[in-house]
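A.B. asks: So you can see what is in the structure, the chains are spelled out below.
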Amino acid sequence: MSARQFFRSPWRTAGYILLVIVTLLWLVPFGQALLTSFRSYDDIMIRGFFSLPKTLSLNSYREAWERGGMRYYLPNSFIITIPSLILTLFFSSLSAYALARFRFPGNRAIFFLYVGGTMLPFQVLMLPVFRLTNALGLYDTYWGLIAFHTAFQLGFCTFLLRNYMRTVPGEILEAARMDGCNEFRIWWQIMMPLTLPALAALATLEFTWIFNDYLWAIILLRSDHLKPVTAGLATLQGQYVTDWTVIVAGALIATIPTVIVFIFLQRYFIEGLTLGATK
Amino acid sequence: MARRTVLYRLSPYLFLIVPLIIYCIWVVGPMLYTIYLSFTNWDGVSSPAVIGWRNYQKLFRDPVFYISLTNNLKWMLCFITIPVVGGLALALALNRNIPGAKFFKTSFYSPMVLSLVVCGLIWSWMYHPAKGLINESLRLIGLDALAKGWLSDRRLVMWAIIAVGVWRQVGYVMVLYLAGLQGVDPTLVDASRVDGCSNWQTIWHVILPLLSPVTVVVVVISIIDSLRAFDLVSVMTRGGPYYSSSVLANFMYIEAFNNYKMGYGAAISVILFILSAVFIFLYLWRVMQTEMEY
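Note that the protein sequences, when read in sequence, are chains A and B. Residue 0 is where the first sequence starts when you use numbering that gives the first Met the number 0, and the numbers rise one by one after that. Residue 0 is where the second sequence starts when you use numbering that gives the first Met the number 0, and the numbers rise one by one after that.
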């Protein structure tokens, strides 16, 4: 339908205008955050939000980055997220392959154990994991957090990868088996390349999830210099209680990596979300 | 088919062993251990001693528990209505190739990539009583009376926080429904048109029933998300003022990590688990049904 035809009906036009208004309202929080971050707090306080800003500057960003600690919070997030992501994808592809491609007693039960775990309210795990991390000497280290993320995300990743691996035609694997290929080579050289689309979708989604985690960061880490951006922002908020321009600038810095991932890998992100829910 | 070797029969276990051990240590074990902790007086430092049902008895007499539970229920009610209806409506509207559909879709799901902490901070500033965008806008159009202390008024604070959650959730539900709509057979829709169905009748009698599997997933996810709610409350109010925006997860965190009543915190989390278990089983049951179709 061309735009011309579309707007011929008055009802449709009215609906469209409504949609435009709602969409713009939806984007208001982004807009106001951006506007705020370039202004000075005194300027907003004295002259109001809707005044024309006297000056625009990057001062709030500089403040959040240097004194607010974003310069180490942001790298910390990557140090935590990337190993967790790689490990969880690696381990879940192993267990997904076993669950998707072999018949053995306990297959269903293990599968449901994984699926059930993805729905768990994490709070149930909070105290024992805190204790376990302490006992392993991993409290207040990156590895404590990485270990937990790896383990917890296994459930969802296995669920998703297993369903995907089941759609790979069995003849391909059987042919390799006939040629004397062992199971680990089949997994690595045949199954993994065929699973790449699902892995890409999953990696994108998991990156945002692990990157955006807040609860586990505040439970398993104490030192300020180890905190990822989410926990760091909460500290920043406490530090600049009244200086909202710095807090908002910090929040915007924290979103840059996920926004980049979203812009470039949007298709995978959406695929990941829907794979999990509709399969 | 070729005779299977011993190695072949062992291989699923070899594949599973490491991931499953990790999963059991960090997820399955802790889940069971929480139940044990809830019957102890553990303070996080000394070793826990079993005290029977005392934590639960105390919990059921604690007014904050009931405030938190009610707030979780409010959250749940909002989450299974507003984003579901809104997300479905958006999906139905944007599934047709209207001009700018891609822009609309992106706008609605963009909040999803922000962490809840960021959402909470940005919205706290919007809600700022003196210079926040909301109150400033209200004053600008002469509705000064409506300019409230959104996060300091005990009757408003919970709704103000839930609104942020809804803002972020709508796009998610929309994405799920859009995916579901891809699976709706267009010939069925055409057939209903030929039979003289109006737009509404087609949606109500043809499309919605076909989308019901998606609806089940969406509702279960929304309920679980509302029980998990923590980040927004923690960043925006910490449950205040006077516990008026406390939710179970936040209540538990404060009891366990600020007041060092870890046993008590464990009891709260067990209640949370019991509440979600119903829905987890509903979800597993649905997964099992789709399994049977294989």
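Do not take every clue at face value.
[Claimed, not checked] Simulated pairs of lysine-lysine, BS3-like, Cα-Cα distance not exceeding 30 Å:
#1 B/Lys-73 - A/Lys-53
#2 B/Lys-57 - B/Lys-147
#3 B/Lys-130 - B/Lys-147
#4 B/Lys-57 - A/Lys-53
#5 B/Lys-57 - B/Lys-73
What the hints contain is simulated information worked out from the structure, not anything from laboratory work. All of these numbers come straight from a predicted model, not from anything done at the bench.
A.B. asks: With reference to the structure, classify each hint as holding or not holding.
C.D. replies: Consistency of the hints with the structure:
| no. | hint | verdict |
| --- | --- | --- |
| 1 | B/Lys-73 - A/Lys-53 | violated (43 Å) |
| 2 | B/Lys-57 - B/Lys-147 | violated (36 Å) |
| 3 | B/Lys-130 - B/Lys-147 | holds (12 Å) |
| 4 | B/Lys-57 - A/Lys-53 | violated (57 Å) |
| 5 | B/Lys-57 - B/Lys-73 | holds (24 Å) |
The structure shown violates the earlier hints numbered 1, 2, 4.
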